[in-house]
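Read top to bottom, the protein sequences are chains Z and D.
So for the first sequence, my numbering puts the first residue at 5; every next one is plus one.
So for the second sequence, my numbering puts the first residue at 5; every next one is plus one.
None of these hints come from the bench; they were simulated from the model.
Idealized CB from N, CA, C, for every residue including glycine.
Among the hints, erroneous ones may be present.
Derived CB-CB ranges, DEER-like [stated by the list, open to error]:
{"hint": "1", "chain 1": "D", "residue 1": "Arg273", "chain 2": "Z", "residue 2": "Ala136", "range": "37 to 45 Å"}
{"hint": "2", "chain 1": "Z", "residue 1": "Pro222", "chain 2": "D", "residue 2": "Gly214", "range": "49 to 57 Å"}
{"hint": "3", "chain 1": "D", "residue 1": "Val355", "chain 2": "Z", "residue 2": "Val188", "range": "36 to 44 Å"}
{"hint": "4", "chain 1": "D", "residue 1": "Asn376", "chain 2": "Z", "residue 2": "Asp110", "range": "20 to 28 Å"}
{"hint": "5", "chain 1": "D", "residue 1": "Pro193", "chain 2": "Z", "residue 2": "Ala40", "range": "19 to 27 Å"}
{"hint": "6", "chain 1": "D", "residue 1": "Arg63", "chain 2": "Z", "residue 2": "Arg82", "range": "32 to 40 Å"}
{"hint": "7", "chain 1": "Z", "residue 1": "Val58", "chain 2": "D", "residue 2": "His406", "range": "25 to 33 Å"}
{"hint": "8", "chain 1": "Z", "residue 1": "Asp85", "chain 2": "D", "residue 2": "Glu45", "range": "45 to 53 Å"}
{"hint": "9", "chain 1": "D", "residue 1": "Gly249", "chain 2": "Z", "residue 2": "Val188", "range": "50 to 58 Å"}
{"hint": "10", "chain 1": "Z", "residue 1": "Pro222", "chain 2": "D", "residue 2": "Ala338", "range": "46 to 54 Å"}
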Amino acid sequence: MPEPFPPSKPTLAVWKFASCDGCQLSLLDCEDELLAVAGSMQIAHFLEMSSASVDGPYDLSLVEGSITTAADVERIHRIRDDSARLVTIGACATAGGVQALRNFGDVAEFADVVYASPQYIDTLGTSTPISAHVPVDFELRGCPIDRRQLIEVITAFLAGRTPNIPNTSVCTECKRRGLTCVMVADGTPCLGPVTHAGCGALCPAHSRGCYGCFGPTPDPNIASLAGWLRRCGMDEEAVGRVFSTFNVAAPGFEEGRRHGR
Amino acid sequence: MAGDAPDGDAAAERRQLTVRALARVEGEGRLDVAVRNGSVESAQLNIYEPPRFFEAFLRGRDFREPPDLTSRICGICPVAYQVSACNALEQACGASVDRRVVELRRLLYCGEWIASHALHIYFLHAPDFLGAPDSVALARSQRGAVERGLALKKAGNAILETVGGRPIHPVNVRVGGFYRAPTRTDLAPLAETLRRALDDAIETVRWVAGFEFPDVRLESTLMALHHPERYAIEDGDIRTSGGGGFPVADFDDHVVEYHVPHSTALHARLDGERYLTGPLARYTLHHEQLSATAREAATAAGLDTECRNPFRSIVVRAVEVVYAVDEALRLIEAYERPEPPATPVTARAAVGRGVSEAPRGLLYHRYHLAANGLIESANIVPPTAQNQDAIEADLADRIGEHLDLDDAALTALCERTIRNHDPCISCATHFLDLRVVRR
Numbered sequence: 005m006p007e008p009f010p011p012s013k014p015t016l017a018v019w020k021f022a023s024c025d026g027c028q029l030s031l032l033d034c035e036d037e038l039l040a041v042a043g044s045m046q047i048a049h050f051l052e053m054s055s056a057s058v059d060g061p062y063d064l065s066l067v068e069g070s071i072t073t074a075a076d077v078e079r080i081h082r083i084r085d086d087s088a089r090l091v092t093i094g095a096c097a098t099a100g101g102v103q104a105l106r107n108f109g110d111v112a113e114f115a116d117v118v119y120a121s122p123q124y125i126d127t128l129g130t131s132t133p134i135s136a137h138v139p140v141d142f143e144l145r146g147c148p149i150d151r152r153q154l155i156e157v158i159t160a161f162l163a164g165r166t167p168n169i170p171n172t173s174v175c176t177e178c179k180r181r182g183l184t185c186v187m188v189a190d191g192t193p194c195l196g197p198v199t200h201a202g203c204g205a206l207c208p209a210h211s212r213g214c215y216g217c218f219g220p221t222p223d224p225n226i227a228s229l230a231g232w233l234r235r236c237g238m239d240e241e242a243v244g245r246v247f248s249t250f251n252v253a254a255p256g257f258e259e260g261r262r263h264g265r
Numbered sequence: 005m006a007g008d009a010p011d012g013d014a015a016a017e018r019r020q021l022t023v024r025a026l027a028r029v030e031g032e033g034r035l036d037v038a039v040r041n042g043s044v045e046s047a048q049l050n051i052y053e054p055p056r057f058f059e060a061f062l063r064g065r066d067f068r069e070p071p072d073l074t075s076r077i078c079g080i081c082p083v084a085y086q087v088s089a090c091n092a093l094e095q096a097c098g099a100s101v102d103r104r105v106v107e108l109r110r111l112l113y114c115g116e117w118i119a120s121h122a123l124h125i126y127f128l129h130a131p132d133f134l135g136a137p138d139s140v141a142l143a144r145s146q147r148g149a150v151e152r153g154l155a156l157k158k159a160g161n162a163i164l165e166t167v168g169g170r171p172i173h174p175v176n177v178r179v180g181g182f183y184r185a186p187t188r189t190d191l192a193p194l195a196e197t198l199r200r201a202l203d204d205a206i207e208t209v210r211w212v213a214g215f216e217f218p219d220v221r222l223e224s225t226l227m228a229l230h231h232p233e234r235y236a237i238e239d240g241d242i243r244t245s246g247g248g249g250f251p252v253a254d255f256d257d258h259v260v261e262y263h264v265p266h267s268t269a270l271h272a273r274l275d276g277e278r279y280l281t282g283p284l285a286r287y288t289l290h291h292e293q294l295s296a297t298a299r300e301a302a303t304a305a306g307l308d309t310e311c312r313n314p315f316r317s318i319v320v321r322a323v324e325v326v327y328a329v330d331e332a333l334r335l336i337e338a339y340e341r342p343e344p345p346a347t348p349v350t351a352r353a354a355v356g357r358g359v360s361e362a363p364r365g366l367l368y369h370r371y372h373l374a375a376n377g378l379i380e381s382a383n384i385v386p387p388t389a390q391n392q393d394a395i396e397a398d399l400a401d402r403i404g405e406h407l408d409l410d411d412a413a414l415t416a417l418c419e420r421t422i423r424n425h426d427p428c429i430s431c432a433t434h435f436l437d438l439r440v441v442r443r
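Taking the hints into account, I'd like the entire structure generated from these sequences.
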């Protein structure tokens with residue numbers, strides 16, 4: 005269990021690497037809690053929100069985005085050195101994000117396709133999670149994260165306790181909501197059995213299969229689920245593609261990604 | 005550019021400023037400015053977005069995947085990506101979408117306009133006019149205003165959540181329509197929320213109209229979508245301020261992207277000219293299509309039949325929020341649940357182009373599909389790439405008028421100038437280094 009923060013107002017910093025801004029926006033989307041959070045912590049560095057910034061050290065750093073440039077490798081080390089606690093928020097920071105699709109292709113060729121003058125582009129051949137570079141105190145999953153879970157994590161760190169974030173699959177949330185299983189009832193392909201809980205079974209509630217945006221559960225049984233996906237009519241390439249999205253580089257989805265290759 | 009500066013006495017005139025990070029925008033930028041003989045030689049907005057290669061890895065994906073995949077380009081305007089992608093892919097496949105689906109999409113998009121505009125107005129932009137670093141500091145003196153902003157943003161997010169499943173990266177959008185269409189009962193609580201939001205939106209226009217605006221005029225061509233029946237949001241053809249226009253099918257003949265060494269974001273030109281998309285363009289070209297309430301709010305706020313002052317974009321955004329709330333209420337009132345929620349779409353070998361009006365400007369998608377439904381190539385032209393030349397020209401003008409300012413004041417003016425355009429850079433780090441080289 006982490007030590008509680010000092011009695012004076014703890015400082016919060018929010019950092020961004022390669023990403024869409026969506027996870028840090030989740031903090032601004034806490035419309036009912038934002039002013040309370042700002043009252044209980046000093047927001048010391050949060051560029052999307054404030055042009056006032058104070059130097060570290062910081063009590064809590066939230067990090068969004070993946071590492072894709074040499075400069076970012078150095079920057080994440082500086083941030084770690086400056087932060088008593090470091091929490092990653094979102095699929096990019098915890099698994100490399102959708103941009104980690106580059107890890108399985110040829111980045112030079114990608115740059116040729118997208119940019120008329122690829123020589124101007126400075127990038128690494130990989131997109132890696134924060135934990136590949138520095139120790140991380142807690143990883144909050146999701147593409148994007150769930151804002152209620154974000155408030156839980158901040159509250160837990162303020163109180164000096166472990167965040168109460170379930171480690172189960174989307175299926176458990178789906179059952180708890182009393183939803184009919186879209187795969188069993190309708191034959192809709194669904195990654196719920198192997199996907200980390202957190203969204204509240206949003207996709208099955210909208211009559212579609214889970215597409216895995218919270219990444220893998222611990223020890224996902226990919227082989228078994230792949231059999232079910234094929235029975236739902238997916239060919240091998242399609243099975244490979246459903247695992248190749250926002251958490252493509254998460255170790256638990258590796259076996260799924262190799263389908264059709 | 006610093007390396008071009010002359011040595012010796014002349015070097016004493018050279019100013020290199022390394023300033024605090026550019027805040028309250030989405031993304032990382034630096035500005036390089038060169039001044040010669042007291043006039044601005046160049047002002048380059050250097051966008052450091054680490055490339056994420058979306059267009060490259062869309063190749064080989066199924067035609068049903070872009071709404072989910074491309075929404076991850078931007079957490080602030082994911083619906084814009086989903087809708088432009090759907091428009092392009094439905095066009096490629098020759099699918100005609102149910103009118104009721106179009107209306108529901110427009111309702112979802114209104115939610116994004118309200119949430120994104122409220123975010124920009126209250127959190128990113130208003131602090132510039134009120135001398136505050138952020139909305140939390142602003143809340144100390146104007147708690148009611150900030151709470152109004154939060155309530156307005158929450159109303160927009162409530163639409164996104166009810167229709168799309170969640171505010172960021174909605175899960176309910178698919179090529180052809182939706183996975184599940186809400187019932188009239190699902191939408192009923194939104195109407196309650198939106199009626200309160202309409203008062204907040206009108207009050208927002210009054211609030212921002214009272215700010216002090218520098219008197220400037222932006223000369224770039226303006227470009228926006230046009231729909232014959234309504235203020236264009238989720239679809240339309242293209243109109244420009246010169247009286248020109250063209251169908252979306254001809255977009256690539258008119259808009260050409262090019263790459264400059266100083267930015268990882270591509271630039272774009274319209275028939276060889278710089279141009280601006282976004283609220284100033286939409287308002288100037290189509291304000292007469294706004295609802296009566298939004299037009300009244302605009303008139304009361306002192307807006308004319310055109311608005312070319314980027315500092316006043318905050319007023320135009322506020323007027324567009326009134327419109328989006330009004331329009332969302334109308335759409336909910338007239339709502340007929342589409343049944344089925346999506347038109348079946350069958351892939352074919354074709355090229356499809358789709359556009360829509362993201363809160364900060366026009367967003368274009370183009371896909372080449374193979375007969376098996378896999379994507380052969382993709383091209384996405386976001387608003388910030390299109391606006392970058394116009395933003396740089398605007399910066400050069402502001403700097404040229406204020407060379408007498410000291411470094412801190414000039415930098416602050418440059419940051420404001422950039423924020424006026426609500427650039428959505430979505431990139432890694434946010435550092436703005438302003439380097440002024442005077443020679």
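Violations among the numbered hints, reported as their numbers in ascending order | 8
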